[in-house]
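**Student:** What follows is the residue order along each chain.
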Amino acid sequence: MTGGLIVRGVTKEFPSRRRRPPVTALDGIDLHVDEGEIVCIVGASGCGKSTLLNIVGGLDTATDGDVLVGGDRVVGPGPDRGMVFQGYSLYPWKDVAANVAFGLQCARTPRAQAKARVEELLGIMQLSDVAHLRPGQLSGGMRQRVAIARALAPQPDLLLLDEPFGALDAQTRRSMHEFLLHVRHSTQCTVLMVTHDVAEAIYLSNRIYVLSARPGRVAAEIEVPFSNSRGPNTQRDPRFLDLRDEIEDLLHGRAVA
Amino acid sequence: MPETVSPPTADAEPAADLPAAEPAPSGEPLLPTGTRGRRHHPLTTVRGELSPGTSLGLGVAGVVVLLGGWAVLAAMTDTYLIPSPAEAWRAAMELKADGRLWDDLTASLRRIGIGYAISMAIAIVVGPLMASFRSVESFVEPQIGLLRYIPASALTPLFLLWLGIDEAPKIALITVGTVFFNILMTADVARAVPQELVNAAYTMGAGRFTVIRRVILPHSAPGIIDVARINLAAAWLMLVVSELLAAQEGLAFRVVRAQRFRDVDTMFAIFIVFAVIGMVSDLGLRWLRKAAFPWSEGSR
Ligand SMILES: Nc1ncnc2c1ncn2[C@@H]1O[C@H](COP(=O)(O)OP(=O)(O)OP(=O)(O)O)[C@@H](O)[C@H]1O
Ligand SMILES: [Mg+2]
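Respectively, the protein sequence lines represent chains P and G. Just so we're aligned: 12 in my numbering is position 12 of the first sequence, and the numbers increase by one with no gaps anywhere. Position in the second sequence (from 1) plus 257 gives the number in my numbering.
FYI, nobody ran anything at the bench for these hints, they're computed from the structure. Note that this is a predicted model, so its numbers are computed, not measured. Cβ coordinates follow ideal geometry from the N, Cα and C atoms, glycine included. Please note that the accuracy of each hint is not assured.
Chain G is faced by these chain P residues, among others (derived, beta-carbon under 7 angstroms) [stated by the list, open to error]:
(1) Phe85
(2) Gly103
(3) Pro154
(4) Met176
Some chain G residues close to chain P (C-beta under 10 angstroms, calculated; not the full set) [as the list claims (entries may be wrong)]:
(5) Thr301
(6) Gly305
(7) Val317
(8) Asp445
(9) Ala449
(10) Gln452
(11) Ala457
(12) Thr460
(13) Ala478
(14) Ala548
(15) Phe550
(16) Trp552
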C-alpha cells in the first residue's frame, strides 16, 4: 500500500473570458489525508469543491501548487485514484456488471479474475440481483452504489467522492452511509469525500476541512472525535450536535460562539 | 360573495365541519357540482398520446389522401402530363415484367450502397477524432468549411474526366456529396458525449484510444445511425445527378430515358419506387436504432 494524499498550496484560476475577470476558484489549499483515513470537505455551493477533487483526480490542472499521492506528484488521471462524480456517470449502454468491470478491462485483468472481483463487489454493494440491468433501469441509490463499486474495482489507493449522495432522499442517503462505512471497513481504502451535508460529514469522517466561499480557502480543519464504531446513536451524541453547530457557523460566516 | 358559490349549503362558517355541514343523503356518495380543469381529445391535444392503431390509421389515411389528390389531378389534366395512379402502376408492372426495374434498382442501390458506405466510414473515423482532439478539429474544420460549399454536382464533369464514365465517378459523386455533412454531424454527435463519462473512464485507467473506442464511439452509435438516416436523402440526390449524365441503367437514368419518349407513366412509376425505397430505408434504420440501442433516449 502506498501512503496518503498531500495537497500543497493548490490554487486554481479559471482564465478570463469575454472581458470578465478571471475566476479564482481555489486559493492556496493545503490539506492531507493519511492512509486509511476518511476525510470530508464541506463548503458552500460554488466554493471549488469539485474543482479541488478534479485536480486531485488529475482531470484538471492546478494553476499553482502540488498534489502528492503516496509521495508521487499527480500529473494526470489514473486508476490509483478512483472517482465517483456529482452527476450520474455510469455507461448507459452497459449493464451493472459490465460497468463495474470497465476498470478491470482497462487493466487487462484475466477474465475469470475480473468476473470474481465484479461478483465480490456486487455482493458487498448488494447489487447481485441487478447485475444484468442497465443504469436506466435502476433507482438513484442503486446507481450510486454501482458508481462506487465501479470506482473500487481497480483497487485504487484513494477513493474520491464528489457529493455522491447529494441527489438522494434522506432515507436512501442514510443507508448509503452504512454502505460506505461497511465498504471502508472491508477494503480499508483511503477516502476523500466532498459534501455540503454537515451531519453526513461528521458521521462519516475522521477529519473535516471547511472551505470558505469564493475563493475557496481552508477555513478550518476539524478532528471528529468519534472512533470508527459509529451507529445510530452517534447522531444524538452532544459532541456531534456541538460539532455540527460549529461547522454550520463557520459555513455561514458567523463567529463561533 | 363567496357564500353564494359554495354549494350546496350557503353556510359561510369557515370552521364548519364539512361532512356534518353537508346535507348529503346518508350513505350516498357526494355528487360533483361541476367540473374543474379542461381536457381535450387526444387527437387535438398538444403532445397528446395516440394509440398505435390510431396513429397507423391516420398515416394510412394521409397516404390515401395523397393518392386521391394525385388521381383527381390526373383526371383534371391531360394524361400526357400526369398519368393516373393506375397507369403508373401498369407502367411499373411492365418494367418489372421485362426485368428492367430489377436491373435499374440493383444498379442504383449498388452505387448508393458503395458510395454512402465509404462516406459513412470516413465520417465515423474523422468525426469522433475531430470531437476528441482539438488539434484535429482545428486542422480539419476549415478544410471542410470550404469544401462543403462547392456543390458536389458541379464536380460531375471533373469526375467524368478523371474517372471515366463507368461506376467510379458515380460512386465518387455520392461519397463526395455526402461525406462533409456526415463528418460534421458525426463530430457533433461525438461532442455530445458527457464529459463525466470520459473522465470516469480516465480515472479507471483507460488510455486515450480506449476512451474513444469504448466510451465515445458506443455513446455516439445511436446518433450516428440518425446521421446516416438523415443524410441518406442527399445520397439519393447525388445518385440522380450521377445517372443523369452517363449511365446505361439505374432509376434516374430510366426517368431521363422516359422523358425522351414522353413516357410520363414510367416516370411516375420510378418516382413511386424512389419514395418507397426511401421510406423503407428510413424505417429500417429507425428499427435498427431501436433494436440495437434500447438504452438510448431517442430509441424509446
Ligand atoms: N471551467 C470553468 N470555467 C470557469 N469557471 C469555472 C469552471 N469550472 C468551475 N468554475 C467556477 O469555479 C467555482 C467552483 O466551481 P466548483 O464546481 O468546483 O464548485 P463546487 O464547490 O463543486 O459547487 P457545488 O457544491 O455546487 O457542486 C465556481 O464559481 C465556478 O463558477
Ligand atoms: Mg461540485
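**Student:** Which numbered hints does this structure break?
**Tutor:** Violated hints: 4, 5, 6, 7, 8, 9, 14; rest satisfied.
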